[in-house]
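> The residues making up each chain are set out below.
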Amino acid sequence: METEKMPLMSHARVHGASPAVLLAATAWLAVYVAARLGLQYLRAESFEAVAVSLTPLFAFFAFVWVVQRAVRRADELQRLVQLHALSLAFSTTICVLMGLGLLDIAHAGRLEFPPMRDWWAMLPPLYAICLAVAHWRYR
Amino acid sequence: MRNDLRQRRAERGWSQGDLAEKLGVSRQTINAIETEKYSPSLELAFKIARLFKARVEDVFQP
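Sequence lines, in order, name chains Z and V. Numbering of the first sequence is given in the numbering used here, commencing with residue 97 and proceeding in unit increments. Numbering of the second sequence is given in the numbering used here, commencing with residue 54 and proceeding in unit increments.
What the hints contain is simulated information worked out from the structure, not anything from laboratory work. Every value quoted in this text rests on a predicted model; they were computed, and no experiment measured them. In this text, a Cβ means the ideal position worked out from N, Cα and C, and glycines have one as well. Careful, some of the hints might be misleading.
[What the hints assert, rightly or not] On the chain Z side, residues computed to face chain V include the following (Cβ under 10 Å):
#	residue
1	Pro152
2	Asp171
3	Glu172
4	Gln174
5	Val177
6	Trp216
[Claimed, not checked] Label pairs and their in silico Cβ distance ranges:
#	chain 1	residue 1	chain 2	residue 2	range
7	Z	Ser183	V	Gly70	27 to 37 Å
8	Z	Glu144	V	Glu89	27 to 37 Å
9	V	Ser68	Z	His203	23 to 33 Å
10	V	Asp57	Z	Leu125	41 to 51 Å
[As the list claims (entries may be wrong)] Calculated Cβ distances over 10 Å to all of chain V for the following chain Z residues:
#	residue
11	Thr122
12	Ala131
13	Leu173
14	Leu176
15	Ala185
16	Leu199
17	His203
18	Pro210
19	Pro211
20	Arg213
21	Tyr223
22	Tyr234
23	Arg235
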């Protein structure tokens, strides 16, 4: 049969978050939480504190690598869904960060909630929401 | 883009998952094409037509 000659693509489910992506994300989160907790017990500006603060970056690079691999294995619709999600998430991120920046100015640089060091934490859930919206469009 | 993919698939007794596996795409992709929410690339359209032993213009109509 002709179909037997066709190469089968791997079915990486980026939109539905493959187990590898979820595992990498969990590992990254775990390392980040451990680093945040560890930093409470280390002297500020010490070598140990700097080393611990940089540790989550390695876990994050591993996460990025796993995501990139999943995207490469995705089929054309899954890639389109990712593109829609990214375009939505990027514009929403600009909007949210701009709003927070202006609120910070309005509070004379004393905006306490959410603290500026945690602003980034809003972005992954925001992307997940945008991905769900993009995914829903093609259901 | 209009198409008769669902009908052709049903004639062969294939599920969306079966067809997805034969084409090397996700089941969601097959569903999106059948419900005309997504127009496949030229490459995938040719793969589909070849699988059903038909011409692309017979399977897909603008």
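> May I ask which of the numbered hints given earlier this structure violates, with the numbers listed in increasing order?
1, 6, 8, 9, 13, 14, 22 and 23
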